[in-house]
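Sequences listed follow chains G and L, in order. Taking my numbering, the leading residue of the first sequence gets 1, the next gets one more, and so forth. Taking my numbering, the leading residue of the second sequence gets 1, the next gets one more, and so forth.
No lab work stands behind these hints: they were computed from the structure. Beta carbons: idealized from backbone N, C-alpha and C, even for Gly. A portion of the hints provided could be inaccurate.
The following residues of chain G were derived to be distant from chain L, with all beta-carbon distances above 12 Å [unchecked claim]:
#	residue
1	SER62
2	TYR112
3	THR141
4	ILE158
5	PRO207
6	GLY250
7	ASP437
A partial selection of chain G residues facing chain L, derived with a Cβ cut-off under 8 Å [claimed, not checked]:
#	residue
8	ASP32
9	SER107
10	GLY109
11	TRP111
12	ASP115
13	VAL118
14	ILE119
15	GLY121
16	ILE138
17	ILE163
18	PRO414
19	THR432
20	LYS436
21	THR603
22	PRO605
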Amino acid sequence: MKRPSLIAICAMVATLGSPLRGEHRVLASVVDTIYNTVRVQYVGVDSHVHGLYLASGLWYDSDLTATVGGPSVAAGTSIANVVDTIYNTVRVQYIGVDSHVHGLYLSSGLWYDADLTVIAGGPSVAAGTSIANVVDTIYNTMRVDYIGVDSHVHELYISGGGIWYDSDLTATVGGPPVISLSLAISGNLSLSGVTVNLTGTGPNGDPVSLSAQTDSAGNYSFFVAAGGTYTAVPFLSGYTFSPASWVFNGVTVNQTANSTASAQTGSLTQNCNDISGTWTDGNYTYALSESAGMVTGTDTLILPYGSVVWTVSGQTTDGSVYLMRNYNPNPTDTDFGTPDQEDDFTLTFPTCSSVTATLTNKIPGAGSSFLGGGNPSTVNQSTTWSRSSPPTTQPTTADVTVVAWVDASQITLPTPQTPALAGKLNTPGACTLELKDWAQNQRTDLNGQADTDYANAWLLIHSANGQPYNNPASELASGDFRLFNRFQIVSNGNIARPTVIPHGPPVVGWTPDPCGSGIKLPAQAHPNNGYVGIDSSSTGVAQLNEGRLGTTGRAINHTINGGTTPWIWSVIEFNSAGNIVIPIDHAMFPTYSIYLNGNLVLTCPQSSPSAFITQSESYQRLPSQIPVSSGLTSCHN
Amino acid sequence: MPQLNRLIPCCLLMFVSLVTPAGCQSVSEQTAKDEADFKLHSLLLEVRKNPDDPLIKLQAIPRLQEAFTNALDAPTKVNIASALVELGQKDDVYWSILSKRAQEIVDSTAPYPLVYDANGKSIRGAISPEFSEWIKTNNLSQNEAVFDQLGLGSDLSLVAIAGDSRGLSIFRKGLSSPNYGVRAMAARGLAVLQDKASIPLIIEAARNAPLEIQWFIAQPLVAFEDSRARAAADELIPDKAILEDLKQRAKEKGPRGIL
Numbered sequence: 001m002k003r004p005s006l007i008a009i010c011a012m013v014a015t016l017g018s019p020l021r022g023e024h025r026v027l028a029s030v031v032d033t034i035y036n037t038v039r040v041q042y043v044g045v046d047s048h049v050h051g052l053y054l055a056s057g058l059w060y061d062s063d064l065t066a067t068v069g070g071p072s073v074a075a076g077t078s079i080a081n082v083v084d085t086i087y088n089t090v091r092v093q094y095i096g097v098d099s100h101v102h103g104l105y106l107s108s109g110l111w112y113d114a115d116l117t118v119i120a121g122g123p124s125v126a127a128g129t130s131i132a133n134v135v136d137t138i139y140n141t142m143r144v145d146y147i148g149v150d151s152h153v154h155e156l157y158i159s160g161g162g163i164w165y166d167s168d169l170t171a172t173v174g175g176p177p178v179i180s181l182s183l184a185i186s187g188n189l190s191l192s193g194v195t196v197n198l199t200g201t202g203p204n205g206d207p208v209s210l211s212a213q214t215d216s217a218g219n220y221s222f223f224v225a226a227g228g229t230y231t232a233v234p235f236l237s238g239y240t241f242s243p244a245s246w247v248f249n250g251v252t253v254n255q256t257a258n259s260t261a262s263a264q265t266g267s268l269t270q271n272c273n274d275i276s277g278t279w280t281d282g283n284y285t286y287a288l289s290e291s292a293g294m295v296t297g298t299d300t301l302i303l304p305y306g307s308v309v310w311t312v313s314g315q316t317t318d319g320s321v322y323l324m325r326n327y328n329p330n331p332t333d334t335d336f337g338t339p340d341q342e343d344d345f346t347l348t349f350p351t352c353s354s355v356t357a358t359l360t361n362k363i364p365g366a367g368s369s370f371l372g373g374g375n376p377s378t379v380n381q382s383t384t385w386s387r388s389s390p391p392t393t394q395p396t397t398a399d400v401t402v403v404a405w406v407d408a409s410q411i412t413l414p415t416p417q418t419p420a421l422a423g424k425l426n427t428p429g430a431c432t433l434e435l436k437d438w439a440q441n442q443r444t445d446l447n448g449q450a451d452t453d454y455a456n457a458w459l460l461i462h463s464a465n466g467q468p469y470n471n472p473a474s475e476l477a478s479g480d481f482r483l484f485n486r487f488q489i490v491s492n493g494n495i496a497r498p499t500v501i502p503h504g505p506p507v508v509g510w511t512p513d514p515c516g517s518g519i520k521l522p523a524q525a526h527p528n529n530g531y532v533g534i535d536s537s538s539t540g541v542a543q544l545n546e547g548r549l550g551t552t553g554r555a556i557n558h559t560i561n562g563g564t565t566p567w568i569w570s571v572i573e574f575n576s577a578g579n580i581v582i583p584i585d586h587a588m589f590p591t592y593s594i595y596l597n598g599n600l601v602l603t604c605p606q607s608s609p610s611a612f613i614t615q616s617e618s619y620q621r622l623p624s625q626i627p628v629s630s631g632l633t634s635c636h637n
Numbered sequence: 001m002p003q004l005n006r007l008i009p010c011c012l013l014m015f016v017s018l019v020t021p022a023g024c025q026s027v028s029e030q031t032a033k034d035e036a037d038f039k040l041h042s043l044l045l046e047v048r049k050n051p052d053d054p055l056i057k058l059q060a061i062p063r064l065q066e067a068f069t070n071a072l073d074a075p076t077k078v079n080i081a082s083a084l085v086e087l088g089q090k091d092d093v094y095w096s097i098l099s100k101r102a103q104e105i106v107d108s109t110a111p112y113p114l115v116y117d118a119n120g121k122s123i124r125g126a127i128s129p130e131f132s133e134w135i136k137t138n139n140l141s142q143n144e145a146v147f148d149q150l151g152l153g154s155d156l157s158l159v160a161i162a163g164d165s166r167g168l169s170i171f172r173k174g175l176s177s178p179n180y181g182v183r184a185m186a187a188r189g190l191a192v193l194q195d196k197a198s199i200p201l202i203i204e205a206a207r208n209a210p211l212e213i214q215w216f217i218a219q220p221l222v223a224f225e226d227s228r229a230r231a232a233a234d235e236l237i238p239d240k241a242i243l244e245d246l247k248q249r250a251k252e253k254g255p256r257g258i259l
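Pulled out of the complex, with its shape left as it was, chain G reads as follows (with noise of 0.2 Å):
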């Protein structure tokens, strides 16, 4: 039988009207000499495999991976057919969007599907590769070869009795990994424990977010896919460095790229006369005034990293307490209110960290109205008035915490896929082995992305999760379900202020039994998923990486502890001058509070939180929109 030509093929298509993909288009045709048919299959842009077969001179089209209930292609990737002479059946092998080699057969004029990996045991395929396959009429066996996330050759291969195996075949003869696979960004920034956040997309399109540090030369180092297009930032709180990020676009050879590091430095000048000045922190500079005057004999200044607080008090020789009222430094006339009483004062500011009133009671006689009810005939008396901060020590360190979280208040059920799913998690003790599998963090299928959002919904309203109380130390100790990152900018080198808020490691809330015992599971510390140097004596710097919801209905717990798919995390690094180090990260606060100093001064709500249970990227925070620029006093939504 003739073998039909492409241009055939896609006539065929349009015959039959069969979805045909535009994008990595994936054809393979066999002359099935088993059951005496031309069979042709591709991925549609449903991503299915679809099969068209001749029977009686006419083309049909089969939806193999409807069929057979498999998963579907995964992009990028391409499928193989073959007519396996030696078992009797047609295969196709494709690699799902699990990642996993999958094989379809026919037996008894039937498809099936077989998960070759899981079967076999072999790794999972490596992203954006393809797989080659043959029929092995010497060795009597069926061969699928792919590359695996090891960058390894791997064969499948059938042998006793139809029994699927995996061969390394790359670690069988001792050859090197597969080459295209991977390149290498490198560098030396000269200092070490710089953290360097690399993200980007992969050649497929994949997103890519890795993070790694200087060693003690300060060099560095990451291994990506070739071809894909990546930015690395290197950040050390207290440093900046030239050039500060790199970026490469589809580069297939290794790369380096060094960079210089320099110490940022903070001062502070102020002018004595006025009880005025500036704080200078290498990049902005802030007027520090009294913008309402000293009415309480206080004023703060806040900086998006911290604050400088003036405080201005005074005594009079008999014990009197002033408060200072429309101070005014020049002329130095105060009205205390009171028509015709008039208290009349000088200040003079002989250094820095001391000022001196000297303050003239114009009131004759008794009865005065004077602050601190005293009745002097005339007051004429020295003071002295003294400014606790700005500190001796200049603040250098900018101390940024967010506490961010899901508010479970804020979470609708979706509707499940499965209504028996739901009626299992909302009658406690109707404990299937699905839940309690679930529950022990094994691996559970539900049966759906629908059932997936239901049930993690489910589990996030029912760990009761609500606002954070006004002081993260006290969060952590009850074991709230909360996530924390701490950022603190150092021009030094130096963290400062470290027992603002005692941080160990992350810790997560209980989670509810799905089993529906209505026991809390106890606090969990967040395992090292993606953090870097965080610890629990407060001498680490927060480096959290992404995390999201687990893909396959797995429970929140297992999500947590599971070490390979870590909860809500984010990244949000400010440099000294209180700005973003790495904009384009990721950074997912369904909810998030933002204490400045130990002090709360700005809480924003939850970002959708119907797309934040089904893993839209809508509900996203990024650290763009952490309100630094408005001085952490307003939301960004």
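Dock chain L against chain G, hints included.
Chain L in isolation, oriented as in the chain G frame:
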């Protein structure tokens, strides 16, 4: 982060063995064990999804037999034995470990942990006084004991899935368990065996349970081609969406579809 410690001898063993071999120690032992466990559960899941697939049978049986031999803990052995019996391996070595566990479950006299109000609705977070007394007597941790008791039913479901007629008497006894989860899974086991004589017993077991959980015990009634069973299911499963869902599953996959 790449797993740097994967290519070690122990891990290589994992590719041919689904269960960590005894005495195999390495710095990444836990990682390798997790990986092996994940592979085992993936395979078990494949078996449960497609127990009639000839390739799955061909492929899974020898691997599960090997895993059964290497498994060190009883729950894993029970899990594997269940899959093997479901795949038609009637060897006594598999059934005996299954039936032993099942008998322990149905013989248990432990009080049920949950408390129900006058309307038959459970009181969230409350533990029954009888259960509290029982755990005190047996010197058990409350949380662990509650989890264990609520998980008993799912343990029994491993025997129910297996569909071995040798379990008939065990399932019938399970219908009178004080543990409603055990009752529910015993009823499923009887449905898998299509033991129509047990239909009245299943109905009674459901009706004698608190209202909230009656539907869960009554679920397998939809898997019987029997008018009494269908009528009782219609009555005891008030949520029509759940009822239709179960009927559809039973129609598509038989009694195992509602496990």
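How the hints compare with the structure:
no.: 1; hint: SER62; verdict: 18 Å, holds
no.: 2; hint: TYR112; verdict: 5 Å, violated
no.: 3; hint: THR141; verdict: 15 Å, holds
no.: 4; hint: ILE158; verdict: 10 Å, violated
no.: 5; hint: PRO207; verdict: 16 Å, holds
no.: 6; hint: GLY250; verdict: 23 Å, holds
no.: 7; hint: ASP437; verdict: 7 Å, violated
no.: 8; hint: ASP32; verdict: 19 Å, violated
no.: 9; hint: SER107; verdict: 6 Å, holds
no.: 10; hint: GLY109; verdict: 13 Å, violated
no.: 11; hint: TRP111; verdict: 11 Å, violated
no.: 12; hint: ASP115; verdict: 6 Å, holds
no.: 13; hint: VAL118; verdict: 5 Å, holds
no.: 14; hint: ILE119; verdict: 4 Å, holds
no.: 15; hint: GLY121; verdict: 5 Å, holds
no.: 16; hint: ILE138; verdict: 23 Å, violated
no.: 17; hint: ILE163; verdict: 6 Å, holds
no.: 18; hint: PRO414; verdict: 15 Å, violated
no.: 19; hint: THR432; verdict: 6 Å, holds
no.: 20; hint: LYS436; verdict: 4 Å, holds
no.: 21; hint: THR603; verdict: 29 Å, violated
no.: 22; hint: PRO605; verdict: 28 Å, violated
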